[in-house]
Amino acid sequence: MRRIGVTTTIPSEVLLSANCEIVDLNNEFITNENYSALIDMAEKDGFPKSSCAWIKGIYGACIDNHIKEVVGVMEGDCSNTKALVEVFQQRGIKIYPFSYPTDRKLNMVKKEIDKLIKLFQVDIDTVEKYRLRLNGIRALANNIDKLTYIDNKASGFENHLYQISCSDFNKDHKKYKTELENKIKEIKHREPFNQKLRLAYIGVPPMTGDLYDYVESLDARIVYNEVQREFAFPRADSANNIYEQYLDYTYPYDVWFRLKVIKEQIKNRSIDAVIHYTQAFCHKAIEHIIISKEIDIPVLNIEGDKSNVLDARTKLRLEAFLDMLSDMKGVRG
Amino acid sequence: MKLLGIDLGSRAVKIAVMQNSEIIYKEIISTISFYKNYCKYNNGKIVVDLKKIKCADFDKAVSTGYGRNNTDLEEFKPINEIKAHVYGALYQTNLSDFILLDVGGQDVKAVKVEKKIVIDLELNDKCAASCGRYLENMANVLEISLDEMGKYYEEPVRLNSTCAVFSESELIGKIAEGIDMKRLCAGVNYSLYKRILPMLKKFNDSVLLMSGGASNNQALIKYLQKDYEKVTVLQENQFNGAIGCCYYAHKFLKER
Ligand code: SF4
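Line order of the protein sequences matches chains W and P.
Each residue of the first sequence is one higher than the last, beginning at 5 in our numbering.
Each residue of the second sequence is one higher than the last, beginning at 9 in our numbering.
Derived pair list, reagent style DSBU-like, types lysine-lysine, alpha-carbon separation capped at 35 angstroms: (1) 288/W with 238/P; (2) 259/P with 200/W; (3) 297/W with 230/P.
Computed footprint of chain W on chain P; a stretch qualifies when at least three of its residues, placed anywhere within it, have a C-beta under 8 angstroms from a C-beta of chain W: (4) 89–96; (5) 121–130; (6) 248–261.
Simulated from the structure, these hints should not be mistaken for laboratory data.
Note that the structure is predicted; figures quoted are calculated from it, not measured.
We put the beta carbon where it would ideally sit given N, CA and C, even for glycine.
Based on the provided sequences and hints, a complete structural model is requested.
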């Protein structure tokens, strides 16, 4: 089976129609036991100190896994991907460019997906069939989301993990479906969590996965993971076709479109405060200027760099932030 | 209802009492004297002799500060020091967005507050070169009072050392060179400012509130005024932590 690396969520339906295995390089990087060696590898090959750990990790993971073909998202995701892809090309890796067009118009999105369909030599009917099948799996991930914020039974980390994995369905969608079904059964049998504070997590998924457990130890819980939720296409059933589905996907488009959904979810999920994660050296950190002003509940910006665990200073900041929030919540409640 | 707040600092213990949202009593006692003369010890617990500090009839009591963790005051609810200072500033100013700079005897805190909640902070409690103790030592070397030294800000003589101890010998060297006293004082004040500055770098808000002993230093304020639209020294700059404890008790603590 052809293994195709991806730099973020792309229309998986097309690749699966072409009988390819999708490998999300982000997941390969962050789940690698030796994740920091992958960063070092990239730096040794010339990636500057001042580029983010994700980009370097993606590079390292691609080389380390001997991936020969990559769908690179050139527009809408990360402005560094373009240069990354050029380095890949130089190393003989075949690139299929894909873009989430900046102006988010249906005909533009259609053009991009059709281009991908052509590159992988598949037809739209098969793609649509796959879409329905994948949406069944995405609905299961969506179920875990509901188990998080409605039933309070899924943890923040589970919410993160099972939704984010929808970018490549853990490389095997059939197996992933069974895994989700089993997980849902297990979660349903639990006693609900009872932490006092309800938090939203927005921004790129964290390098520091221990964030979830840490906030849970401080009487708070993350009940909304913005980008991870988008990876699982929560509004998939209202799309008539693949083009509409990928048009109604907030993450790669502009911040205002994202904010609309974020604000809705803050309300729906009775969220007390927001953690906005940004990556060191990521251009998206600039968006914090807008985000912190647009959201009317407290927003804490935390930054991750190369480590996959929270540093002492970030822990202290989280603690002080949650401590004061919990005072306030005590008053309100 | 009487609310008692105690801030156990490294050099001094600050006490405040609040009634009907007003601070009605304040007292400052040196830390050594506090433990020696105002406390009893009971099975490893510290019992404060409340009569001696004239605060016997309180309804709620909250403590904070350096001694908070290793001195478990009976009957007091301990709260985090950063939080205590932020509550103090919220009470004293009613602002919801600001930077609070607290330069104490042995530590410095810079806290960014947005929507009345701490969202960022920088702490320096590892080195004495950027806190009040440094000013005291340098004033001693110059044989001048702290208040007098704090007045001078023009043409500061350059003190390059990053270490409090080395700065002392550097200063003595400058005295030996025959440099004018005013410039020496300004040099000390400016060196403190320069060391604090990196902590504030990230916090580019327009309003800076100051508390702690070193906020009496006029030169430091002068220097900071160049960086911020507005610099305000909290009226009760010494008692901010203790007042914050009272405010916390007032807003959030259930009756004992
Ligand atoms: S963290 Fe930012 S810079 Fe890094 S890969 Fe993601 S979007 Fe690009």
